[in-house]
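**Student:** As they're listed, the protein sequences go chains B and U. 170 is the number that this note's numbering gives to position 170 of the first sequence; each next residue is one higher, with no gaps. 81 is the number that this note's numbering gives to position 81 of the second sequence; each next residue is one higher, with no gaps.
Be a bit skeptical, because a hint or two may be false.
[Stated by the list, open to error] Residues of chain U clear of chain B, computed beta-carbon distances all greater than 12 Å: (1) 30; (2) 37; (3) 50; (4) 53; (5) 114; (6) 121; (7) 139; (8) 167; (9) 178; (10) 183; (11) 202; (12) 205; (13) 240.
[What the hints assert, rightly or not] Covered stretches of chain U (chain B as the covering partner; in silico rule of three or more C-beta atoms under 8 Å from a C-beta of chain B): (14) 6-17; (15) 92-100; (16) 250-263.
[Stated by the list, open to error] Derived DSS-like pairs (lysine-lysine); straight-line CA-CA distance at most 27 Å: (17) 2/U - 112/B; (18) 112/B - 18/U; (19) 18/U - 129/B; (20) 255/U - 8/B; (21) 18/U - 128/B.
Bear in mind the hints are in silico, worked out from the structure with no lab data behind them. Keep in mind that this is a model prediction, so the values were computed, not measured. Note that the Cβ used here is the ideal one computed from N, Cα and C, for glycine as well.
Listed below are the residues making up each chain.
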Amino acid sequence: MSTLLEVKNLYKSYGNFEALKGISFSLEKGEILGFLGPNGAGKTTTIQILLQIITPNSGDVTIFGMPAFTHREEVLQRMNFTSAYVNLFGALTVWENLKVFAKLYGLKRYDKIHSLLKEFEAENLKDKKAVTLSSGQLTRIMVIKALLNDPELLLLDEPTSSLDPDIAEKMREILKEIRRTRNISMLYTSHNMAEIEEMCGRVIFLSKGNIVANDTPKKLTSLIPDHTLSIVFEHEPKRLREFLSEKNIQGSFDGTVLNITTDNESIPKILGQIYQRGDHIRDIRIQEPDLEDVFLKIAREQ
Amino acid sequence: MKLHRINAIILHHLYFWKLSLPRWLDILYWPIVSLAVWGFVTNFIRASRGPEEGASIAGFFLGGIILWMLFQRAQQDVAISYLQDIWSRSIVNLYVSPLSNLEFVIASILVGIIKIGITLAIMALAAFFLYAFNIFSVGFALLPFVGLLLLFGWSIGLFVTGIVFRYGTDAQVLAFGITFVLQPISAVFYPLEVLPAWVRPIAHVIPITHVFEGMRTVLATGHIPIDSMLWSLGLNIIFLFLCSWFFMRMFNHVKRMGMLAKLE
Numbered sequence: 001m002s003t004l005l006e007v008k009n010l011y012k013s014y015g016n017f018e019a020l021k022g023i024s025f026s027l028e029k030g031e032i033l034g035f036l037g038p039n040g041a042g043k044t045t046t047i048q049i050l051l052q053i054i055t056p057n058s059g060d061v062t063i064f065g066m067p068a069f070t071h072r073e074e075v076l077q078r079m080n081f082t083s084a085y086v087n088l089f090g091a092l093t094v095w096e097n098l099k100v101f102a103k104l105y106g107l108k109r110y111d112k113i114h115s116l117l118k119e120f121e122a123e124n125l126k127d128k129k130a131v132t133l134s135s136g137q138l139t140r141i142m143v144i145k146a147l148l149n150d151p152e153l154l155l156l157d158e159p160t161s162s163l164d165p166d167i168a169e170k171m172r173e174i175l176k177e178i179r180r181t182r183n184i185s186m187l188y189t190s191h192n193m194a195e196i197e198e199m200c201g202r203v204i205f206l207s208k209g210n211i212v213a214n215d216t217p218k219k220l221t222s223l224i225p226d227h228t229l230s231i232v233f234e235h236e237p238k239r240l241r242e243f244l245s246e247k248n249i250q251g252s253f254d255g256t257v258l259n260i261t262t263d264n265e266s267i268p269k270i271l272g273q274i275y276q277r278g279d280h281i282r283d284i285r286i287q288e289p290d291l292e293d294v295f296l297k298i299a300r301e302q
Numbered sequence: 001m002k003l004h005r006i007n008a009i010i011l012h013h014l015y016f017w018k019l020s021l022p023r024w025l026d027i028l029y030w031p032i033v034s035l036a037v038w039g040f041v042t043n044f045i046r047a048s049r050g051p052e053e054g055a056s057i058a059g060f061f062l063g064g065i066i067l068w069m070l071f072q073r074a075q076q077d078v079a080i081s082y083l084q085d086i087w088s089r090s091i092v093n094l095y096v097s098p099l100s101n102l103e104f105v106i107a108s109i110l111v112g113i114i115k116i117g118i119t120l121a122i123m124a125l126a127a128f129f130l131y132a133f134n135i136f137s138v139g140f141a142l143l144p145f146v147g148l149l150l151l152f153g154w155s156i157g158l159f160v161t162g163i164v165f166r167y168g169t170d171a172q173v174l175a176f177g178i179t180f181v182l183q184p185i186s187a188v189f190y191p192l193e194v195l196p197a198w199v200r201p202i203a204h205v206i207p208i209t210h211v212f213e214g215m216r217t218v219l220a221t222g223h224i225p226i227d228s229m230l231w232s233l234g235l236n237i238i239f240l241f242l243c244s245w246f247f248m249r250m251f252n253h254v255k256r257m258g259m260l261a262k263l264e
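Please build the complete structure, drawing on both the sequences and the hints.
**Tutor:** Following this line, the structure appears as structure tokens:
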């Protein structure tokens with residue numbers, strides 16, 4: 001894989017507030033990189049610097065092998081952006097909006113608009129004024145706008161935040177398909193951890209302007225050894241608390257459910273010990289740590 | 001600079017314009033109302049001063065208001081082009097594309113010229129049929145006069161847009177009102193000598209003062225005052241440079257402050 005985007009020592013401050021404290025990262029061709037972090041972590045600032053609507057104090061950004069700040073036109077021609085927080089021209093119809101953006105990116109014919117409207121099942125929206133679109137419809141049209149110029153790099157700022165779950169799922173499928181067939185690189189921010197885990201090959205955690213973790217979702221979740229073992233009993237077992245205390249197992253009861261937080265390796269041993277007591281067990285559930293746990297851990301540590 | 005991006009913004013403005021009744025009214029309503037008011041004033045003056053002197057003064061007023069509306073239109077075309085995208089929270093979509101400020105301004109000016117042409121035609125026809133005043137009696141001098149007015153209008157439009165970038169839409173009232181600050185001191189309807197002595201130096205550095213003075217000279221004597229035009233051109237070049245510099249400074253300030261995406 002070749003490097004499409006390289007950010008080095010990016011620093012941005014607003015007065016005394018340091019929004020980015022010299023972050024460095026890269027994005028490979030065809031990769032989907034997730035950006036996670038609490039509010040104010042610096043995600044949007046980073047994206048807006050890459051889009052050149054915020055000027056950093058210092059640092060280098062290289063996109064498509066070019067210094068981005070001295071090759072603005074060439075770089076922006078080959079990338080695009082969509083966000084839940086940016087609108088189309090409200091007074092114009094969807095078709096007129098897309099035609100203006102198509103022209104902005106130098107498209108000479110409008111077949112592309114038709115094919116994207118079809119792909120996103122939005123042909124029925126083309127004569128509607130943008131201001132009358134629902135959030136979900138607007139999000140779809142914004143993604144169509146972002147694909148008009150066949151971008152090599154797509155910046156997606158919470159692209160599914162205002163969508164119904166079924167449409168969000170569809171949107172994710174479309175984005176994955178686009179990435180697979182067109183080999184587009186994507187930088188993806190979302191507050192939905194499961195979505196980031198599903199979409200991204202690599203995740204960067206930002207906190208207070210620093211990159212605090214940068215790895216695959218699997219490796220990041222392995223940072224948290226704790227699994228939650230839940231055992232559902234038929235009836236509340238007698239003297240189980242004493243038994244757990246004797247075996248030095250930390251657990252909490254919620255009715256007939258025993259929840260034990262432990263590492264992955266200890267689970268078979270604990271289960272064996274409890275099973276040998278002969279209590280009637282109705283269900284056993286093991287919950288692995290996910291990105292949300294990583295996020296919470298990092299947020300608490302910071 | 002790319003032609004296709006200028007075309008895109010022209011199309012963008014034309015779509016806005018086509019769909020908007022208030023924008024059509026803006027082109028038609030205010031010029032007609034202003035002309036009507038000054039037309040009635042000139043009728044009154046004609047009646048009280050006699051046909052010869054009255055006609056001369058009427059020419060000053062009607063010529064003044066027609067040229068003034070063209071200047072005002074030019075200023076608003078630039079400033080409101082930006083404002084309409086700020087209002088609709090779509091300006092970020094433009095700036096994340098390869099579009100440059102120069103391309104946006106050129107497109108806004110080109111669309112503005114069409115609107116100004118329509119405004120001029122309507123006002124000229126109305127003045128001729130309602131008040132028997134022919135703005136084209138100024139002759140060939142009308143062309144450079146209009147050019148100089150538009151140039152200053154675009155400069156002030158850039159200045160106002162710079163302020164809107166810096167202070168947000170709280171400052172948008174300037175887009176509609178700044179020309180009225182200039183009106184009393186740029187001798188639109190009366191000769192420069194009418195102004196108090198301390199105001200005259202200020203009036204002298206406003207490029208359009210020389211245009212209105214020039215127009216009155218042409219109407220009164222038939223002589224084209226080349227020196228007035230050259231003064232106006234020189235001042236216009238200085239203002240265009242200063243206003244463009246101010247606009248870019250404010251734009252870069254907004255980018256440094258991270259406020260471009262938050263403008264509303």
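**Student:** Look at each hint and say if it fits the structure.
**Tutor:** Hint by hint, here is what the structure shows:
For residue 30/U, the non-interface assignment is confirmed: its Cβ lies about 21 Å from the closest Cβ of chain B, beyond the 12 Å cut-off. Non-interface status of residue 37/U relative to chain B is upheld: no Cβ of that chain comes within 12 Å, the nearest being about 31 Å off. The claim that residue 50/U is not at the interface with chain B holds, since no C-beta of that chain comes within 12 Å of its own (minimum 52 Å). Look at residue 53/U: its CB is around 49 Å from the nearest CB on chain B, clear of 12 Å, so calling it non-interface holds up.
Every beta carbon of chain B lies more than 12 Å from that of residue 114/U, the smallest distance being close to 17 Å; the non-interface claim holds. The claim that residue 121/U lies off the interface holds: its Cβ sits roughly 26 Å from the closest Cβ of chain B, which is beyond the 12 Å cut-off. Every C-beta of chain B lies more than 12 Å from that of residue 139/U, the closest at about 40 Å, which supports listing it as non-interface. Distance to chain B confirms residue 167/U as a non-interface residue, since its nearest Cβ pair spans about 17 Å, more than 12 Å.
Every C-beta of chain B lies more than 12 Å from that of residue 178/U, the closest at about 25 Å, which supports listing it as non-interface. With a cut of 12 Å on Cβ distances, residue 183/U stays outside the contact zone with chain B, its closest approach being about 31 Å. Every CB of chain B is more than 12 Å from the CB of residue 202/U (nearest about 36 Å), matching its label as outside the interface. Residue placement check: residue 205/U keeps its beta carbon more than 12 Å from all beta carbons of chain B (closest about 34 Å).
Residue 240/U, annotated as away from the interface, keeps every beta carbon of chain B farther than 12 Å; the closest lies near 24 Å. Check result for the stretch 6-17 of chain U against chain B: holds, 7 residues qualifying (beta carbon to beta carbon below 8 Å, three or more required). Here's how the stretch 92-100 of chain U fares: 9 of its residues keep a CB closer than 8 Å to some CB of chain B, so the rule of at least three is met and the hint holds. Three residues within the 8 Å Cβ limit are the bar, and the stretch 250-263 of chain U against chain B gives 7, so the coverage statement holds.
Straight-line distance between C-alpha atoms of residue 2/U and residue 112/B comes to about 21 Å, which keeps the hinted pair within the 27 Å bound. Using a Cα cut-off of 27 Å, the hinted pair residue 112/B and residue 18/U holds, with the two alpha carbons roughly 25 Å apart. Between residue 18/U and residue 129/B the alpha-carbon distance is near 13 Å, which keeps this suggested pair within the 27 Å criterion. Of the pairs offered as hints, the one joining residue 255/U and residue 8/B holds, with about 20 Å between alpha carbons and a cut-off of 27 Å not exceeded.
Between residue 18/U and residue 128/B the alpha-carbon distance is near 15 Å, which keeps this suggested pair within the 27 Å criterion.
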